Amino acid sequence: MGRKLLLEKAHVENIRLYEVYRREGGYRSVEKALKSMSPDQVTDEVKKSGLRGRGGAGFPTGMKWGFLAKPAGVPRYLVVNADESEPGTFKDRYLMEFIPHLLIEGMITSSYALGSNNSYIYIRGEYAWIVDILEQAIAEARQHGWLGKNILGSGFDCEIHVQRGAGAYICGEETALLESLEGKRGNPRIKPPFPAVKGLWDCPTVVNNVETITAVVPILNDGGEEYAKIGIGKSTGTKLISACGNINKPGVYEIDMTISVEEFIYSDEYCGGIPNGRKLKACIPGGSSVPILPANLLLKTAKGETRMMTYESLADGGFTSGSMMGSGGFIVLDDRQCVVRHTYTLARFYRHESCGQCSPCREGTGWMEKILWNIETGKGKMSDIDLLWDIQRKIEGNTICPLGDAAAWPVAAAIRHFRDEFEWHVNFPQEAQTRNFGLAHYADALELTV
Amino acid sequence: MAEQTNKPANLKVTIDNITVDVAPGTTILQAARQIGGDVTPPAMCFYSKLEGSGGKCRTCLVEVAAGSAADPRSMPKLVASCRTPIADGMVVKNITSDRVQEARAGVVEFLLVNHPLDCPVCDQAGECHLQDLGYEHGKEGTRYEFNRRTFEPEDIGPYIQLHMNRCILCYRCTYVADQLTDNRVHGVLDRGDHANISTHISKAIDNNFCGNMIDVCPVGALTDKTFRFKNRVWFTKPMEAHRDCDQCCGKVTIWQRGEDVLRVTARKDEWGEVQSFDGKPGWICNTCRFEKKKASDWVIEGPTKVNRHSVISQGHYVGLKKPTETLPAVMDGRDPKLLMDIHTVSDVNKIELSELPGPATSENFKK
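Residue numbers (this note's numbering), protein chains in the order written: chain A, 1 to 450; chain B, 1 to 367.
Think of the hints as simulated: they come from the structure by calculation, not from any bench.
It should be emphasised that the depicted structure is a prediction, and the values quoted were computed from it without experimental measurement.
Hints should not be assumed to be uniformly reliable.
[To be verified] The calculated lysine to aspartate or glutamate pairs, modelled on EDC-like cross-linking and capped at a C-alpha distance of 20 angstroms, are: (1) A/Lys184 - B/Asp71; (2) B/Lys139 - A/Asp384; (3) B/Lys77 - A/Asp384; (4) A/Lys184 - B/Glu145; (5) A/Lys381 - B/Glu145; (6) A/Lys191 - B/Asp190; (7) A/Lys198 - B/Glu136; (8) B/Lys77 - A/Asp390; (9) A/Lys184 - B/Asp155; (10) A/Lys184 - B/Asp182; (11) A/Lys370 - B/Glu145; (12) A/Lys379 - B/Asp118; (13) B/Lys139 - A/Asp386.
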């Protein structure tokens with residue numbers, strides 16, 4: 001049984017309400033920080049914890065906070081990115097829906113560390129009902145003196161505002177989020193300058209994921225060093241994984257980054273294996289934009305080591321034989337699933353969500369979608385596969401924001417690992433309409449060890 | 001740039017083996033423009049006179065081989081040269097980098113996949129930056145086999161014709177509306193490959209300086225309604241002219257056929273941008289642009305020196321300014337070997353045709 005920090009209390013009855021949350025030990029971290037620590041000490045504690053950004057890139061949070069420019073007389077902002085729109089990722093929703101005060105608590109502490117008197121939650125438009133939950137939690141916190149002027153007599157003022165997006169994936173990119181928050185069109189900004197120098201309204205800004213900010217609470221409560229003891233190497237602490245696809249128990253799981261991928265998929269504590277006696281074919285371990293891995297590379301790295309649910313192990317082998325932890329959207333595909341169809345669905349998503357600002361992404365995503373649709377519906381040519389490869393190569397790295405990369409990686413990985421499935425679609429278009437390719441050689445039969 | 005030459009130039013940057021001193025804050029693209037010639041990356045969206053422009057089209061991507069003298073690490077990704085400031089000791093590769101050439105060819109292809117390629121009926125043809133870009137950096141064939149994206153025609157006002165199908169979404173016209181006119185009434189609607197320039201209310205653009213959107217448009221998306229289908233630009237002769245205007249600088253280029261003034265535009269420099277006069281960009285007002293269509297309205301100064309290596313420079317213009325020749329410097333003093341001498345490699349020319357009795361046949365070459 002892995003250790004739980006964030007979801008430990010999530011199922012206490014009425015934990016959404018302030019009284020229950022407080023009774024269960026809530027807002028201790030705010031008391032500790034505001035009464036006994038300086039802002040820099042809080043930042044140091046986060047640095048010591050080795051906490052890495054949970055939004056996808058995995059950048060060390062303490063270091064990010066350290067980069068925040070602090071010119072005198074200029075306000076600083078903390079913006080919490082709750083625009084969780086990556087297909088397959090739904091961990092932040094779970095946190096905000098079931099234990100909203102944890103986010104508010106983390107935000108107050110983080111705002112104190114960063115010196116942000118006005119902090120924002122930018123939440124995706126589709127989470128309409130969660131806005132009400134958060135607003136209620138904020139009202140309760142303000143009523144009990146955790147927000148407002150001179151919190152706990154420390155002289156620190158803090159307000160939290162919730163801003164709804166209008167449902168654009170691109171607004172999860174931090175600079176597009178800031179544009180949208182300012183009321184503009186959600187186009188990513190060109191970096192540099194980075195938000196830490198020029199962010200919201202040209203002021204220094206830190207943008208953090210919901211889960212990152214909630215993780216500050218246990219870090220403050222238990223101490224950064226204690227938090228760093230959980231996990232392996234540089235993957236410290238616990239991580240929420242939202243598992244979905246062909247598994248027996250889809251849902252949000254908190255793992256302490258010491259378990260193997262195999263255990264995560266097959267253990268009854270987590271996903272509970274593949275239903276209906278099917279075999280594991282492939283998996284996207286970190287949300288739709290990270291490379292897909294076939295079963296044999298998923299459970300063991302190319303070097304033959306067991307693949308663990310950690311940042312380093314999932315990325316082992318680079319993009320040739322590895323993937324990424326990403327945002328923790330764990331999508332499992334069994335042997336009935338068609339990788340071409342799956343890749344087409346993702347390409348369609350990215351085409352729909354491209355902001356249209358820079359040309360490779362705007363034109364390339366639509367082009368890839370059309371070619372994939374041709375291959376999927378039996379109109380493809382063998383040269384289309386090479387063309388797809390070339391298009392994704394010309395998108396990747398050449399765009400303003402990471403959406404171009406996110407659109408290119410799934411296509412690249414699908415062709416890299418499942419090329420014979422694409423070729424089968426081209427060679428047997430009739431057959432491809434009625435049945436799927438199945439397992440072929442790349443998904444080894446597995447011996448269950450758990 | 002005129003306003004930057006006054007500042008001390010104390011940063012050194014090497015672009016394609018050519019070192020140049022630039023003022024702090026200069027971007028790679030502007031440093032390359034100081035050198036000129038082939039070393040300058042193409043720019044479709046960047047416009048030095050429009051604040052905030054650039055970074056979008058990705059044609060100006062370059063490779064930074066060394067970030068600065070203090071930190072000589074290379075940058076992992078190609079960077080948009082129009083928005084990347086110079087650091088002292090930076091080493092940039094543009095035409096000497098295969099990665100850049102490949103990425104740029106890719107960007108050209110992306111820009112063209114949904115472009116209608118209706119140059120034969122497009123008023124911009126001949127002075128179109130996308131034509132130049134495609135000619136210089138593109139591939140001759142297309143790999144795109146689908147229907148091109150189209151938009152419904154929209155009337156955006158009395159002076160400007162919008163052809164959304166041709167648009168490459170450089171955003172320049174929105175910056176013009178933001179920075180030159182008192183109220184922007186058009187913008188980019190929708191997203192992704194359906195993003196389009198549009199107004200909320202049809203026929204809404206009638207600001208006095210909105211005509212400059214035509215000048216900044218790199219393609220034929222925004223064209224002059226008063227010049228529409230009147231003539232091809234390479235048949236008209238550009239003449240520099242001025243008049244006293246109480247609203248703008250009044251310094252323009254008039255495009256004549258015979259004595260008729262077919263079109264009036266702002267004066268452009270070799271990068272296709274509006275020239276500056278006294279440190280201020282020479283934007284012109286709608287009265288000068290659209291109303292003054294008689295030769296007698298203008299004091300004609302003389303023929304325009306066309307210094308852009310475009311189709312319009314191929315004609316009959318005087319004082320053509322050739323771009324700086326940079327290739328020998330780029331290649332470290334070696335002369336480029338552009339073409340193989342056919343006489344040294346072909347068997348055909350080993351026989352003296354003049355010695356043959358009568359026309360040569362294949363029999364003569366079998367010997």
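Structure-based check of each hint:
1. Under the criterion of a C-alpha separation no larger than 20 angstroms, the hint pairing A/Lys184 with B/Asp71 is inconsistent with the structure, at around 36 angstroms.
2. Between B/Lys139 and A/Asp384 the alpha-carbon distance is near 18 angstroms, which keeps this suggested pair within the 20 angstroms criterion.
3. Distance check on the hinted pair: B/Lys77 and A/Asp384 sit about 27 angstroms apart at the alpha-carbon level, beyond 20 angstroms; violated.
4. With a CA separation close to 36 angstroms, the supplied pair A/Lys184 and B/Glu145 exceeds the 20 angstroms bound.
5. Distance restraint check for A/Lys381 and B/Glu145: the Cα-Cα separation of roughly 12 angstroms lies within the 20 angstroms cut-off, and the hinted pair is therefore satisfied.
6. A C-alpha spacing of about 23 angstroms is found between A/Lys191 and B/Asp190, which places the hinted pair above 20 angstroms, so the restraint is violated.
7. At most 20 angstroms may separate the alpha-carbon atoms for a hinted pair to count; A/Lys198 and B/Glu136 exceed this at roughly 37 angstroms.
8. For the hint linking B/Lys77 to A/Asp390, the alpha-carbon distance of about 17 angstroms falls within 20 angstroms, and the restraint holds.
9. Between A/Lys184 and B/Asp155 the CA atoms are separated by roughly 25 angstroms; this puts the pair beyond 20 angstroms, and the hint is violated.
10. The straight-line distance between the Cα atoms of A/Lys184 and B/Asp182 is roughly 18 angstroms, inside the 20 angstroms bound, and the hint therefore holds.
11. Of the pairs offered as hints, the one joining A/Lys370 and B/Glu145 holds, with about 9 angstroms between alpha carbons and a cut-off of 20 angstroms not exceeded.
12. Proposed proximity of A/Lys379 and B/Asp118 is contradicted: the alpha carbons are some 28 angstroms apart, above 20 angstroms.
13. Between B/Lys139 and A/Asp386 the CA atoms are separated by roughly 17 angstroms; this keeps the pair inside 20 angstroms, and the hint holds.
Violation of the numbered hints given earlier is confined to hints 1, 3, 4, 6, 7, 9, 12; the remaining hints are satisfied by the structure.
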